[in-house]
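Please put together the full structure from these sequences, using the hints given.
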Amino acid sequence: MDRKNTSPQGETARVLTEFLEVAVNCIVFLKGFYPPAAFERRRYMNVVVQKARHPQLADYIHSATSNLLPFVQKGLVERVNVTFYDKEHIPLEKFVFKIDVNQSYNSKVEESDIGFALRAFLIKLTVAKPATKPLPPSSGWEITAYFRALPQGSSKEKEAQLWIPTDTKQWLQPPDITPIKSMSSQPLKVQLYLEHPNPCEPKKLEE
Amino acid sequence: MGSKSSDRPSTSVSSFASAAASGGSLKRSRNRTPQNPLRSTTKRKSPFADFGSYMAEKNRKLGAQFRADAASVSSLGADGAPVDSEEDKGVFRGVSIFVDGFTIPSSQELRGYMLRHGGRFENYFSRDTVTHIICSNLPNSKMRNLRAFSHGLPVVRPEWVLHSLAANRLLSWAPYQLVHGACKQQKLSTYFHHQRISTSSDAKGSINHDEAIKVGQNHSVVPTDGQTSECGGISIQVGDVACLKSEEFSQARDANQEPSASNMVHSTLTDPNFVENYFKNSRLHFIGTWRNRYRQRFSKLLTGVKSSNENLKCHSTKQKTAIIHIDMDCFFVSVIIRNFPDLVHKPVAVCHSDNPRGTAEISSANYVARNFGVKAGIFVRDAKVCCPNLVILPYDFEAYQEVAEQFYNILHKHCSKVQALSCDEAFLDVTECDVDPEDIALAIRKEIAETTRCTASAGIAENLLLARLATRSAKPNGQRFLPSEKEGLQKDFGEKIGDMLWNYCRGIDNRNVGEVQEAKSIGAEVNWGIRFNDMTDCNHFLINLCKEVSLRLQGCGVQGRTVTLKVKKRKHGAAEPLKFMGCGDCQNMSRSNTVPIAIDNEAALLRIAKKILSSFHIDVKEVRGIGLHLTKLESAKITRKGRENIAVWLSSPMHATRSKCKQISQSDRQCDNGDFSFSSGAPESGDLDSSHKLDQDKPTLLFQDAGSNCSSIKGADCVRPIRSSALPPLQDLDIDVVRNLPTEIILEMDVLYKGELSDLISKSKGNNCLTHVCSSTVSLIDASTNSADTGISDAHIDSVKLGLDSKDKGKMPICENVESISYVDQVTMEPKLFDLMPASLSQADASVLEQMPEDVKADVHGLLPLHRELKVSKDFYTCFDFPSCVQFPDPHLKTHLWSGDPPWWVEKFNTSKNILLNVISRHAKSSKDIRLSSILQSVAPFLLPVCELSNEVYAEAICWLHELLAQYIVLKIGSDIEEIYNCFCFLKRISPSSKILLLVYNSALPLFQALVNENYGGKLRLSVIQTTDE
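If you read the sequences in order, they're chains A and B.
This note's numbering applies: residue 1 is where the first sequence begins, and numbers increase by one.
This note's numbering applies: residue 10001 is where the second sequence begins, and numbers increase by one.
Be careful, since some hints might not be right.
Here are some of the chain B residues that sit facing chain A, going by a computed Cβ distance under 7 Å [unchecked claim]:
(1) P10596
(2) S10975
(3) D10976
(4) I10977
(5) E10978
(6) Y10981
(7) N11013
(8) Y11016
(9) G11017
(10) G11018
(11) K11019
(12) L11020
(13) R11021
For the record, the hints were derived by calculation from the structure and aren't laboratory data.
Glycine included, C-beta positions come from ideal geometry on N, C-alpha and C.
In structure tokens form, the structure reads like this:
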């Protein structure tokens, strides 16, 4: 990869998507969605993280996050959700990465600076288990990206078509938010928080 | 293939040439000269000249092949078993068939017949060569335009070939003509539905054909199926068949010839078996007893139907019902005359007597006869007058029985819900079938016609009555679908209006008087006089507009979730309108924004309206009109109440523990009034009052108010577990772990446990360790505060308090353990640290003071008055009762406390006369990062209630802290909710022991939640802390 010609946004986006991949791996591990044996310990940014061993799972996470790269770079991606839902496809828990890449930032970006900030997320994630809720049997999960606007232009359309509209049902009530970690630096702002269904959500989501 | 070829412009299909006209009946040839087969009747010329010639060649070859085959067959026949005689060979002489589509038997079989019996078989349709088109199914389009398809040639069902073979002569094709409707192509669904049935009947049919063919080849018997042959004599046939079929008929004939004899036979006088005979010949009896026979015959099916009926009752009410009423056409006649095809178009009636002057009653007449006025029930002689040619036939009850059984067999095959009305009439409920009821009726009728050779009519409608009426109009041999009027109306006018029209024309109107329609949207719009010079004008207008809308909403008592902003923008190039200050030619723009929680307040409306307006990106000078509307309205009462309930519910556990806590503290107080102190962070004003009195009696004890060490030491066992719902019980803490925590954390935890933690540590560890902790804590605080350059050094305060504490404890009369005093003195300084100042110098421990450095001593003496008056007034707390505390007089709105580095407020607080603010500012200066959460954590201990400060100081501090927090929220909401969340969590945690922070927390929380809601579409799990005031 030619690092010299990349814009600060491109560099940031690259770091961010890489981070997202690791973070999604960690989240899936954290939720205990798959048996622990499906993960292996790795080191990322000098933090111990878990990485999926199953090629399909790893590939799904990798492709989902790495395909976001162009959109993150353009600042189109507003949120990336890791949604856990029950068998009726009603979300039970969402890990929300709220992303803001400053498009007008021009100075050079030190990867290590962003990396250092993102590291805190991974550390916080490893201890975020108490904030989460246990999953019922036969639940599922997915990675969802929320775009600020639908991508325009022919070249991107192809990439955008890899993403399909989600059929996960929406909550009717505003969800409960539990912030986990926030970082705000230039040109990248990332916030990670949990969303849980409101207790007065009409359908009984929680037993 | 043929059907396709007729569409093709290229082939020889379409040329109109004179017919071969070899068939006896084919006299339809047109006087047209043969045309070039390549010329197409379609408008454009065939571009496929080569292909056309190819086809001609192919046809020629196929013809040659066929002739060769025919020759070989006939030669084979000469040696082979089925010998065809010379006359026989000519059955299909001159006939040239073209088979279109799927037939039974298949086109190849038909070809075989043609081969053997002198006919010709064309693979490709040509008007020149083909004489008959054989097909059993035609697509709708071809049926509709049959003439264009057939070019005037007869389109005949394949049965014609078979029956001709069986009859061993060429029958008239007329009865076999393909009838519209009868051959309607089956849908795939019906095909699957009836697959089993049709295959079974197919098998049967083919067997029959085979037999018929064999019979025909042996040419030994008269045609069994009684079809009219063109040349066959009618009378003979009738007679023959009649002889074979109906014994009674011949009897009746005899009777007709001798009326007197018949009279004698059929009277009770002479006939010993009169009753038996009577009933045997009675049609009414047949009908009457038929039902029993039917029951026996179909008993199994009927019971099945009944049970399923009950099961499905609920379903049928939901679904659109479809009822078929099916009725055989003049059953009693047509069963008889099916064997006399020549009688079909003649007036026929059924009666037990044929005497033209007789008084026998006509029981049934066919439609031809009915046209003459012959009706069921009139005497034969009257009928004969109406219609002299009336043919009267006798009953054939066996045939009736047989046909009725066939009829019901068919019905039960197609539908499980059959209600028999009579031997020839029934209702079917086809609601459950997922096939179009019309198709079902068609299929049933077709099958009935094929099986019984009698026709039936059907009416289809949504209920029994309409179905029956429909049948009446469908007769004879037809079917009628009566669509639901309601549905038709609904289709034309939409569901609601259709329903309304249907009801209204029946005089039904279910509206009630006085139902006021709820408003769907509330808003205000101004399209006149809108001229803005700049953004401030526009904003000013928006503020007023939002105010207006907010007032309207509140006036209606509703809140809305969707805010729609409409903007009229001057069209490009549009001149100033004729109407003074009017909007003129405008481009309308509208955008809406939906928020998760309904709003009606002005500020929120303004915020959203501004956001939408800015999203239009328009020059405000171009704006000619603005409208603001709210939709998705909810009743404000309900939503507010609901929310309150949730809030109450969420906070209820805390509330419960709180009240418990209060109870216990009260009981504490009762048992030992000398040892009273505030044990709960938010005491009631009444309590305060009483405590105030107590305080005056025992001023030394009053000093204990915040830490409440006295009571916590004494009543530790009962107070400890209910201290706070968020904290684990003190006993559960692992002291070893706690001890090894950083001192700041121990400090904070100790605040939460109200000093008990340090007690515990002290008890478990003993003196040395504790002094170590304490001294290290003190030194830490010293280090951190030494940098402070203004005001009193914290170290001074600390040490002062240290002394004071020890003095205090020493005075305590209730301390049983004298030994413990020495370390209690030292340990409890930790909670005491957070008291800003002792009330007066008289409370300070003189011995400690003495040990202080000289300069510090001087400071303390200078700061502390000898006697400071205690001013804890009831008014202070009541004036900050939630929620009234949210409404601060706010003069600082315009200032940006967080701008600058260090933030502006640090300096502001520092220079403030308010001691609380000074402390905060100092901590902010000393700490490296200016994050509020860390500042709060370090400064919180100093904000615990201090009684000796005046109301004004409190109010000012709260006001500024609120403002500080509010601006911090606004600043950070977009980028760092974690930080704000941390602040709030900390405030919440510390709030039981600090009234100030509780109030700050409660006042700032709504703003935080609103902003989170706006930015993140959700809310945090933080709720307003209920104060213990009622």
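Hint by hint, here is what the structure shows:
no. : hint   : in the structure
1   : P10596 : holds, 4 Å
2   : S10975 : holds, 4 Å
3   : D10976 : holds, 4 Å
4   : I10977 : holds, 5 Å
5   : E10978 : holds, 4 Å
6   : Y10981 : holds, 4 Å
7   : N11013 : holds, 6 Å
8   : Y11016 : holds, 6 Å
9   : G11017 : holds, 6 Å
10  : G11018 : holds, 4 Å
11  : K11019 : holds, 5 Å
12  : L11020 : holds, 5 Å
13  : R11021 : holds, 5 Å
When held up to the earlier numbered hints, the structure conflicts with none and fits them all.
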